[in-house]
Every structure is written in structure tokens, then in C-alpha cells.
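Use the sequences and the hints to build the structure in full.
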Amino acid sequence: MTDNLPPQRPESLRGRTVEEIKGCLVALLAGRRSPLLAVSPTVSLRLQLVDVFEDSDDETRRNLRKAITEAIDDWIPSDGLLRICQLADLAIDFWAPETARRLANLLVSGEIPLEPPDKYDTAAVIVSVVGGFAATSETLPILETLIFNERLSARHAGQLFLAASQASAKGYPDLLPWFFARSDEDSATYDLDETVEDMVETITIGAVLQYLPKVNRKARRRFLSLLTKRNLMSNPDIDRVVASGEWGESLLVEVFLALCAQQPDRYAERINWLLRHELAIAEVSAAVLTMATVVPPSILLAHLSEVDPSLQMWVVERLNEAHRVEPVDALLSVIRGRSKQETGREWDEYLHRLEMEIEEPSGTRPEIGPVLYHPAGVP
Amino acid sequence: MSLRDWCREVAGDNRGRLALSNLLHDIPHVPAEKLRTFLRRIHDIWSNPAERYDAVELVRHVAQTEAEANPEDNFYCLAQPISDGTQCSHIMPSTEFETGYVDRARNSTRRIRGRRIRPILMRRLVLNLDGMLKPNITIPLEPEGLGWVTHTAEIDRLRRRHAPGGELANEVRDGLGLLHRWDEWELVEIRYPSSLTNPSPGCVLAPPTFLDSTPSLVSRSGRYPGTGWGCTVNLQDMGNGSPEAVHHPIPITADFTLHEVGAPNRIQWGIVPQTVWEASSHPWIDQDEESNIEMLERLMR
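Line order of the protein sequences matches chains A and B. Going by the working numbering, the first residue of the first sequence is number 10, and it counts up by one from there. Going by the working numbering, the first residue of the second sequence is number 18, and it counts up by one from there.
Simulated from the structure, these hints should not be mistaken for laboratory data. Check the hints yourself; a few may be wrong.
Simulated restraints on C-beta separations [claimed, not checked]:
| # | chain 1 | residue 1 | chain 2 | residue 2 | range |
| --- | --- | --- | --- | --- | --- |
| 1 | B | R25 | A | D66 | 39 to 45 Å |
| 2 | B | R283 | A | A311 | 49 to 55 Å |
| 3 | B | E159 | A | G119 | 25 to 31 Å |
| 4 | B | Q253 | A | T51 | 18 to 24 Å |
| 5 | A | A39 | B | I44 | 32 to 38 Å |
| 6 | A | D67 | B | M312 | 52 to 58 Å |
| 7 | B | R315 | A | G24 | 49 to 55 Å |
| 8 | B | R25 | A | R71 | 41 to 47 Å |
| 9 | A | L45 | B | R315 | 38 to 44 Å |
Quick list of in silico lysine to aspartate or glutamate cross-link-like pairs, DMTMM-like style, CA-CA up to 25 Å [as the list claims (entries may be wrong)]:
| # | chain 1 | residue 1 | chain 2 | residue 2 |
| --- | --- | --- | --- | --- |
| 10 | B | K151 | A | E194 |
| 11 | A | K238 | A | E258 |
| 12 | A | K227 | A | E255 |
| 13 | A | K128 | B | D90 |
All C-beta atoms in this analysis are idealised placements derived from N, C-alpha and C, irrespective of residue type, glycine included.
Okay, here's the thing in C-alpha cells:
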């Protein structure tokens, strides 16, 4: 009695012609047997074929690629949508990018239905496979034919945008407005946060930021908001791009405002970061004034002490100028913050006394400004 | 050519002996009328020279043909249903999950080559399975026939010892007797809502019979101690492994979740196919062959 344990890797495809291998693949996909390759009925056929491919020698792999390419060329609608889905997925598994053009043409020609999605969602399968070849240089023009084809529904815009971004990161600024527009048409389909997160993972935040200046202003504002929402860009990421000289001052400020809007409680850290860059003072003042309008006053006060001490008074002046905080409240907030950070209990006692005085109806507000400049000097 | 000839042909290898041993075990667990119909089909096909099948594969062919003809009432899941409320899980390769279940347009999916899915896709599936799936999807995909599950607690027990990765995947695979997952395909756990395994018309779980499991080298009909569940063969020692059950396709709802398992990275099996069927409660041995065949012929009439 003999049993195969584990399943033997068939070598029967070695030396076979492309035509023979194609016949074998098509038979197996149709649920028939093939004399060339014994497969187990209890395991996914695709997985078995991938195992066969990976265990084959170079020539057999080449023939498998050609066979899958020819099988896709031969496909006609009467073969059924399931068959083209199976063949397309195998094209990725066998890495046959030469199938991308033909697959895209099936969509453009209407041989594969686009709307409504069929039982196998064939169009999405095809786009995912064509997009899967994005790493090859020949694929970008093919993706572009799909992107600029009006018949392709908004449903596939995310797939196409991400694939095209992967194929050419520097091209994403031109596509972003298109993607936003298409996704707005079918807003139920897309979670834009996830699409942007996927994009960053695919092309890296460095590339995203490098080409950010080329994104038009309207799309950029929305894009920045999405990038900051998931905390996808860090200050060092941005610093690296700024250091390379790719960004102008206005973009830096734009990013600063987006970061503050998304994470108001980290505005102080962002101010410290912004002021490290050598920007014109008028530009920075305008940025802080704008920031003050989007961050709630309670948060402005709560985190004021985290601003670089040498800049605190300047920032307090800006916040006052924006009519967002009273200077006395601001200074109290700074002192309260410092009492925790630096001198502890003695400051707490001082603060308590100070607050009592402020609360006295007949009292006048004490002059506490100099304290800021002498943090160690407890009155 | 007859049922008798078929039995003798099937008994010609370990895989067949296991199928026949399972058949003997399952006779009291399969409705008599179903068993009679099945044996007659085998007899008819095996007697017809125009139809040629591998003897062991014929069991699967008959079961599958019946399932295609009668999705609601076929040879699958015939044993006494389990309704003990135990939460269950199904193990499958992540790439199969991606190609079969994930809504590729909605998730802006691009396929990648290899035995794993993109890490970002895995993260999202783990975080929010419901939002990632094709509409009206079932597990298993229709018309594939059968879903196989084990106790979720069994997977959790292994998770307490290993983080997702090679070791966890090795142990899950070996404990569940997943002989066909011997390579490095990344595995995921589909966790069913606990409410599903309570008595419910939506999901009937049953221990697998020979009609569900043939042909397999390591599916041995039996019962997990103290329960109505079936019992896998542990690939490490060919002894009893984890509890298992089968079910017809059921819709995946928002209450299902997906969990990472990892990709098996080691094979250290000591599989001796003969020991699998010999350890059966009703092994098909030579000296009983005649009486067993006569019994099957009686059941067929």
C-alpha cells in the first residue's frame, strides 16, 4: 500500500508544451481531470497550482506563465466569469504581467460587466490583478486607460488610485483630485482614511510628502486632514522633506495647521516644531493666529506650559491678539504647568494664594508676568 | 462488478481502509435510508463500465454530485447534530480568504503574489471583518459544500502558549489534523459567534461522517471524549486530536471575527497511514472483510 505523504509535487509538467499546459490548466479549472497533473479534490486548486508553479524549474515556470497568458487571451464570455476570475488570480500567482493589457481590455470593451457587480464581482477581481502588477513599469499606461475610462465606475477608483500611486509615486498629485471626486460619487464605498493609510504604507510617507507641493490646494487641504487624522506623518518625516528644500514656507504652515486641527492637544509641540524652522516672523504669527481659532481655548490654556519657555510670552500675546485667551488666565496656566514640571509644592501653594486673590471681588489682578522669566524664584 | 468488488478495491490502500473503517463506525450515525441510497449509487456506478472512477474518490464524487443536485438535502452533515452552545472556529489560508471573501473594490485591493496577504489587509480584517466582506457571503463559499470547525477554546488554548506565527500555526495545523496545510500558507481563524452553535435552524453542526471526509488520510470517524463532537487525528502521533464538526454553508454576519494564526514553518510528522485506520473503533481488517461486505449488501437492499 502506498500513500503520498505529504502530497508529491508533480513534475509531470516539465518538458510539456505551452499548449499542453494550457489545456491542463483549463481542464482543472473546469473541474475536469488532467492526465498531466493529479490534484487533490479536497484542497483549493489555486493553492495547489501555486505550489506546483513554485516547485517547477525555470523553463516550466515560463511555460506556465505563457499558458496562463494564452488562456486569458482565449477567454470568451461564454466561458463564464468564474473562469476569468480564476485565470486572473493565477496570473498574479504565476506573475504574468503580460496579461494586464488583455485583462484591462476586457473591462474597457465591456466584455466584463461593471455595474451592478456580478456574482463574482469580476471587475473588482480584474482591477485587483491589474493593480497587482503595478510594480512593473509597463503597467502604468494600462492603469491610465482604466482611470480615464468613463465606464469604470467610482467603485474601482480606490483600487486604481492606489495601484497608479504605487506604479508612479510622483504621479499621485495629479490623480488625487480625481480620486476624491470619484470617491465622493460613491461615498458609501470608501473609507478614505483607510485608502490614505494604504497609500502611505505602499509608497511611504517620504514619497507622499516629497510630492505634496504638487497637489492642488483644495485637494491638499483634504489630504492633509486625512494624513493627520491617522497620525501618518511625524515631525521628523516632515523635517526630512523640509531639509531637502522641496517645500516652501506656506506648505509648512499649511501642514502645521492641519496637524493642530487634527490633534489640538499637541498644538504646543507643533508650535515648538514650527518655530525651529527659519520662517518669516509674519508668516509664523499668522499661523499661530489661525491655529488659535481652531484649537478650543480650554486646550490652549491646558497645554500652554508645553510651549518652549522662551516663546511663551510671545505665544500668549498672539493668543490674546486672537481674542482666545485672557493673558492672566494664560499666565496662570503656564505657572500651573511649571509647578508640576519644576518646583512642585511651593508653586502649588503660591498658585493657590494667587487664585484666592483673583477671586476676591474687590481685588485687582496681581502682576505676575515676571514670574515667567524667573521660574525658579518663588515669591 | 458490484458493491463487493468496490469494497475490495477500496480496501487496497490505507486511504481506502480508513474510509471503510469510518463507514463501519458511522453506520449507526447515518440515517438508514441515506446509507441505502448511497450504497446503491456506489453499486450502480461501479457496475457501469462506462463510468470509471478511482474507488476511494468515488465516495467523494457521489457525495459531491448529490450536494450539487440537492443543496438542501444531501449526504453531508448526516450525523446527530451538536447543540451544546460551544463557540467554534474555522481555519483557512489567508489568501483563500482574500480571493473568496474580501470585497476587493470596497477595500481598494491589489493582489500580491505569495502565500500571505498584505499586512495592512490582515490588520483591517482583524479590526473590522464585517466591513470588509462581499455582500451575502457564506462560509464555506457556496457551492463548496462543507465547513469544518473546531472549538474556539482549543485555538485559544494554543494562543496562550504562542503568539501568532510559525509555532502557533504548526500546533493548530497538527492538532486539527490539517494534513493539506503542510506548506507555508499563512492561516487565519474565522471565529463564529457563540450564538450560532446553540440549537438553531441557521447552523446545524454535526460530527463528520465518512461521507464528509473521504478521501482523506487522516480523518478518522470517532467522538471527542465526553461530547458529541467528532475528533481529529493529531498529526504528531496519529492519536486523537481536537474536537471537530461540519456544517452546510451559512451566512457570515457582523458577529464573525477574524484572527491571525501565522504560517506553518515546520513539519515533523511521524505519519504512518496504517496506524490511522488501525486505531479506528471499527478497523476494516482482512478477517472481518467478508462479514462486513455482507452487512453492507444487506444495508443496500
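We went through each hint and held it up to the structure:
1. B:R25 / A:D66: 39 to 45 Å: 41 Å, holds
2. B:R283 / A:A311: 49 to 55 Å: 54 Å, holds
3. B:E159 / A:G119: 25 to 31 Å: 28 Å, holds
4. B:Q253 / A:T51: 18 to 24 Å: 21 Å, holds
5. A:A39 / B:I44: 32 to 38 Å: 36 Å, holds
6. A:D67 / B:M312: 52 to 58 Å: This hint holds: roughly 55 Å between Cβ atoms.
7. B:R315 / A:G24: 49 to 55 Å: 52 Å, holds
8. B:R25 / A:R71: 41 to 47 Å: 45 Å, holds
9. A:L45 / B:R315: 38 to 44 Å: 43 Å Cβ-Cβ, so the 38 to 44 Å window holds.
10. B:K151 / A:E194: Between B:K151 and A:E194 the Cα gap is close to 20 Å, so the pair holds against 25 Å.
11. A:K238 / A:E258: 22 Å, holds
12. A:K227 / A:E255: 19 Å, holds
13. A:K128 / B:D90: 24 Å, holds
The structure is consistent with each of the numbered hints, conforming to all of them.
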